[in-house]
Each structure stands twice: as C-alpha cells, then as structure tokens.
Amino acid sequence: MKTIATKRGVLPGFGLTMGYSVLYLSLVVLIPLSALLLNSTGLTWGKFWDIATDARVLASFKVSFLTAAAAGLIDAVLGLLLAWVLVRYDFPGKSIFDAMIDLPFALPTAVAGVSLTAIYSDKGWIGSLLEPLGIQVAYTPIGITLALMFIGIPFVVRTVQPVLEELESEVEEAAATLGSGRVRTFLVVVLPQLYPALLTGFALAFSRGIGEYGSVVFISGNMPMKTEIAPLLIMSKLEQFDYAGATAVALLLLMISFLLMLIINTLQHRLRKTAR
Amino acid sequence: MKRGFKRGIVVSLVLAMSMVTAACGSSSGKSDNSVELLNVSYDPTRELYESYNKAFSAYWEKEKGQKVTIKQSHGGSGKQGRAVIDGLKADVVTLALGYDIDAIQKKGLINKGWQSKFEKNSSPYTSTIVFLVRKGNPKGIKDWNDLIKGDIKVITPNPKTSGGARWNYLAAWGYALHHNNNDQNKAKEFVQQLYQHVPVLDTGARGATTTFVEREIGDVLIAWENEALLSVKQLGPDKLDIVYPSESILAEPPVAVVDKNVDKKGTREVAEAYLKYLYSEEGQKIAAENFYRPTLESLKEKYKDTFKDIKLFTIDEFGGWAKAQAEHFSDGGVFDQIYVPGK
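Chains X and C supply the protein sequences, listed in that same order.
Using my numbering, read the first sequence as starting at 1 and increasing by one per residue.
Using my numbering, read the second sequence as starting at 1 and increasing by one per residue.
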C-alpha cells in the first residue's frame with residue numbers, strides 16, 4: 001500500500017517546488033506565448049490565411065524546416081559518433097574535448113555565423129578549396145544547414161552520452177560470444193537502446209534549428225524564395241512595425257513545430273517501450 | 001542520469017534568472033545637480049555621438065553648471081524605434097529615417113509635427129548614397145546604369161530589414177525616373193534588374209560592408225557616404241575607391257525629442273538643448289569630422305573637398321516616407337514583386 005508521503009517522494013517541499021514551477025512556467029513561457037496569440041487576434045481569418053499561404057512565407061518555411069531537419073539528422077549521426085568516442089575510449093585531452101562539445105551553447109550565435117561565413121565563403125580557407133569543385137557553401141541552403149549543425153550538435157551528444165555510459169559492454173560481449181558479428185551487434189543490440197536518446201537529441205537539435213536566427217542570417221545570403229528563413233521573415237515584418245503579421249508567421253511556425261514535436265515524442269514513447 | 005542533467009539545467013536557469021533580477025534591481029539614483037539622457041540612435045552614428053556627447057557635456061556644464069551624462073544605444077533603426085515604442089525610456093531619438101520616428105509618434109510618445117520642431121526638417125546633418133568599389137575601379141563603374149551591366153555583382157542590404165538600405169533603393173529609383181522621363185514602369189524595371197545583380201542580401205548596412213570588404217564578394221557596394229568614407233579611412237585607401245554617381249538622394253537622418261518620456265523624467269530642457277546644439281558650429285564640425293554632411297553654410301564651404309557636390313534629390317520626390325514605405329517596402333509592395341513575380 002502506498003502512503004501519500006511515498007507518492008510525493010522522499011524529499012519534502014512538494015507544494016513549494018510545484019508552486020514555483022507553475023509560477024516560473026507562466027511568467028517565462030505561458031504569458032509570452034499567450035501575448036503572441038493575442039497580438040495576432042488583430043487579424044481576421046482571411047488575412048491570417050493570406051499570410052499563411054503567401055508564396056514567400058511558404059518558401060521560407062520550406063527552407064527552415066528542410067535545413068533544420070537535415071542538420072538534425074546529420075547531427076544525430078555525428079553526435080552518436082562523438083558520444084561513442086567520449087564514452088568508450090580514453091585518450092589524452094579527453095576532458096578538454098568533452099568540454100569543447102558545449103562551446104556552441106556558450107558562443108554567441110552571431111559569432112558562429114560570422115566565422116563560418118568567413119571560412120566557407122568563396123575566398124575563405126575551406127570555401128576556396130570547394131569552389132573549384134563547383135560546391136558553394138556560404139549563401140546557399142548548405143551553408144544554413146552547416147550553421148544549424150554547429151548549433152545543434154551538443155544536444156545530440158549530451159542526450160546520447162549518459163545512455164551510452166549506462167550500456168554495459170558485457171552485453172555486447174555476450175552478443176559476440178553468441179556468434180553475432182560487429183555490425184549485427186551494433187544494429188541489433190546497441191542501436192535499439194539508443195534510439196530514444198537519439199530521437200530526443202534529434203528533436204532538440206531540429207527544434208533549435210527552426211528558430212535559429214543569429215548565426216543563419218550571416219551565412220544564408222537571405223535571398224527571398226531561396227535562402228530566406230522564416231525567423232528572418234518575422235524580423236522583416238517587425239521592421240515594418242507589422243506586429244500582427246509577424247506574430248501570425250511566428251504562430252504558424254510554432255504550431256507546425258509543436259505538431260512535429262508531438263509526433264516525435266509519441267514515437268519516442270513507443271520506442272522506449274519496445275526497447276525495454 | 002538524464003534526469004539529473006535536466007535538473008542541473010533547471011537549477012542553473014533559476015540561478016541565472018535570480019542574478020538578472022538582482023542586477024536590474026540595483027540601478028543608480030541621481031542627485032540634483034546631475035542629469036542623465038538616453039540617446040537612442042542607429043548603428044553608424046556610434047563614433048559621431050561619442051565625440052558629440054563629450055562636447056555637449058562640457059557646453060552644458062559651462063552654461064548651466066549641471067553635469068549631464070549621456071547614454072547611447074545603437075542598433076538597426078527600425079529595431080531601435082520598436083524598442084522605444086515597447087518602453088525603452090529614450091529622451092531623444094536620432095534615427096536613420098523619418099518613417100521610424102513617425103511610427104513612435106503614432107503610438108503617442110512623440111507629439112505631432114515633430115519634423116518641424118528643429119531646423120532643416122529636424123535633420124542636423126545629412127548624407128547621400130554613393131558607390132564603394134575595389135581599388136582602381138576595375139569594372140569601370142561610374143553611374144547607376146553601370147550597375148546592371150553584364151555580370152556586375154552589387155552588394156546592398158535588404159531594404160525590408162535595413163532602414164538605411166531604403167535610401168539606397170530610392171536613390172536608384174530616382175535616378176531611373178529622371179533618365180526615363182519620369183516613367184514609373186521603366187524605373188521599376190531598372191530597380192528590378194539592379195536587384196537581380198545582388199548575390200547576397202544582408203540584413204543591415206554593417207553586414208553588407210563586411211560581405212563586400214572582408215568576404216570580397218561583389219564588384220560594388222551601395223553605401224551611405226559616411227560609411228564609405230569611414231571604410232576607406234579604416235581599411236586604407238589602397239584597397240577601396242569611392243565613386244560618386246551623377247545624382248543621388250539626400251539622406252536626412254532626423255532627430256526628435258520623445259515628448260512623453262522627457263515630460264515624465266523632467267528632462268525636456270536639456271534634451272531639447274542637446275538636439276539644438278547639433279546645429280551649432282561645434283556640433284556641425286563634429287558631424288563633418290565623422291563624415292556626415294554639415295548643414296551649416298560656413299562649414300559646407302570648409303569641408304567641400306570631403307563631400308563632393310553632386311545633384312541631390314529628396315524623399316519628397318516620392319511623396320514622403322509614409323507613401324514611399326507603403327508603395328515600395330510594405331508586404332506585397334514593389335520590392336516584394338521583384339522576388340515574387342505575378343503578385
């Protein structure tokens with residue numbers, strides 16, 4: 001039989017912590033979001049629909065979601081590798097390497113954007129090597145993806161790392177003694193346990209990428225219909241003091257992101273169940 | 001493990017929040033014999049107001065025996081205007097275009113008719129739009145019509161996100177009008193062609209300058225004269241040349257007192273004096289030294305070697321900012337039609 005005390009957990013102070021959480025959530029998340037809703041109520045449905053189906057808005061959504069998804073996917077693969085290296089091997093300078101993963105969190109995104117552009121533009125170190133091959137990175141969607149990869153990689157590493165740490169290598173050894181090859185051990189034994197964490201990492205990197213503004217505007221070139229991201233469109237509407245239009249785009253962006261997150265989260269829930 | 005990590009994040013967030021609130025709580029009070037002004041300005045006036053503030057403080061202390069500290073805030077013109085609307089307690093605004101001050105006026109923070117409160121349309125200094133090209137002008141760019149020839153690449157910021165870039169756009173439009181018997185369609189065609197030569201649309205003027213100078217992208221940068229002169233001075237005249245087109249627009253960055261704020265803070269007198277002193281000989285000299293065109297006749301003569309005399313037209317040619325904004329830069333306006341055909 002469960003008593004109330006055990007239901008609430010060992011630590012006291014449920015009322016206080018819950019109260020604080022609710023207050024914090026409302027001040028920082030809920031009230032600003034409802035202000036967003038209120039601001040766009042100045043629009044009629046017809047006008048909202050016009051903004052939602054505007055060719056430029058649609059094009060910018062396409063750019064934002066595709067580049068964020070691509071960056072998230074690449075990050076998922078690269079992040080897994082990074083986490084693997086950090087968890088499974090010891091090498092000199094590991095702790096420095098480990099700390100460096102968090103740098104994209106700390107660095108102002110504008111700085112990231114400016115330095116990436118400097119390196120990948122036609123005249124930059126790497127850009128000048130790629131240019132003869134016909135590959136242009138800066139001022140194309142590839143550049144945007146690159147910036148978003150930079151921003152998103154810590155999310156994947158930091159979500160996968162702890163799960164990897166708890167995986168016991170004995171399980172892999174057991175699989176090996178039972179006659180499973182390396183590839184099969186990885187695909188059948190290791191990977192399924194990592195899926196939920198990988199998915200979380202992807203979702204975080206992806207959603208961060210959709211809203212990213214600071215680093216992208218420097219490397220994207222901001223060409224309407226081609227490399228214009230949705231957050232930039234919001235900024236340019238604000239620049240015209242068009243609050244309602246800006247919030248309409250923001251609301252759309254939020255709704256689509258929320259839907260995608262919901263789908264990813266349910267998917268993750270299922271994966272977690274099957275992984276057990 | 002993961003939960004511990006998340007909890008760590010939440011705890012540090014809470015800590016950070018409480019630190020911010022603590023920092024905000026401890027703002028300084030003021031004594032009777034000192035006064036503080038906040039000047040909300042746009043990006044490239046930083047150096048200008050740094051030296052002007054010193055000059056004005058000295059002048060005011062001598063005149064009234066009162067110490068005045070001037071704080072500055074810089075950023076994109078539209079963004080700064082919005083900050084004032086949203087409650088930034090600016091005493092004066094010194095922005096890139098009248099449209100942004102109009103927007104503040106519409107919210108009731110500035111009284112109507114602000115533009116006639118000070119001389120010369122409330123624009124103590126002016127500038128114009130010129131071309132910055134690579135040393136020796138390898139592509140032979142002399143005038144606006146050279147910009148749409150062959151594979152010339154033009155760098156200019158997005159007029160929808162950069163107030164300054166709206167002057168660039170209108171300068172091109174005005175030139176095209178005058179060379180096509182005021183045919184609006186021909187002008188539109190010209191500007192359309194011009195923007196097809198733009199490979200990168202930066203969000204602000206400084207960004208565009210970086211693209212052109214540091215990334216070495218493009219053959220010509222359309223820039224404010226003060227930015228062009230400053231770039232040449234800072235980066236060395238061995239890298240860049242300035243080309244003056246046959247005609248251009250007179251850019252008038254206006255100033256205004258934010259009436260609601262100064263009346264509340266009791267700073268009207270000093271705020272008005274602050275803007276008025278911009279028209280004095282000393283203020284004009286500081287403007288000229290920071291590459292803004294002075295409006296005082298005696299100084300115009302003195303600096304005529306720095307600021308080349310070219311044919312200049314004004315925003316009135318477009319029926320004022322409200323009309324120009326609605327026609328060209330609002331959503332679905334002429335600028336949007338360049339990129340989204342058939343709308």
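No lab work stands behind these hints: they were computed from the structure.
Even for Gly, the Cβ is constructed at its ideal location relative to N, Cα and C.
Certain hints may be false.
[What the hints assert, rightly or not] Computed from the model, here is a short list of chain C residues facing chain X with C-beta under 8 Å:
id, residue
1, R82
2, A103
3, N158
4, P199
5, V200
6, E297
7, F329
8, Y339
Checked hints:
no.: 1; hint: R82; result: 6 Å, holds
no.: 2; hint: A103; result: 5 Å, holds
no.: 3; hint: N158; result: 6 Å, holds
no.: 4; hint: P199; result: 7 Å, holds
no.: 5; hint: V200; result: 4 Å, holds
no.: 6; hint: E297; result: 36 Å, violated
no.: 7; hint: F329; result: 7 Å, holds
no.: 8; hint: Y339; result: 4 Å, holds
The structure is inconsistent with hint 6 alone, although it conforms to all the rest.
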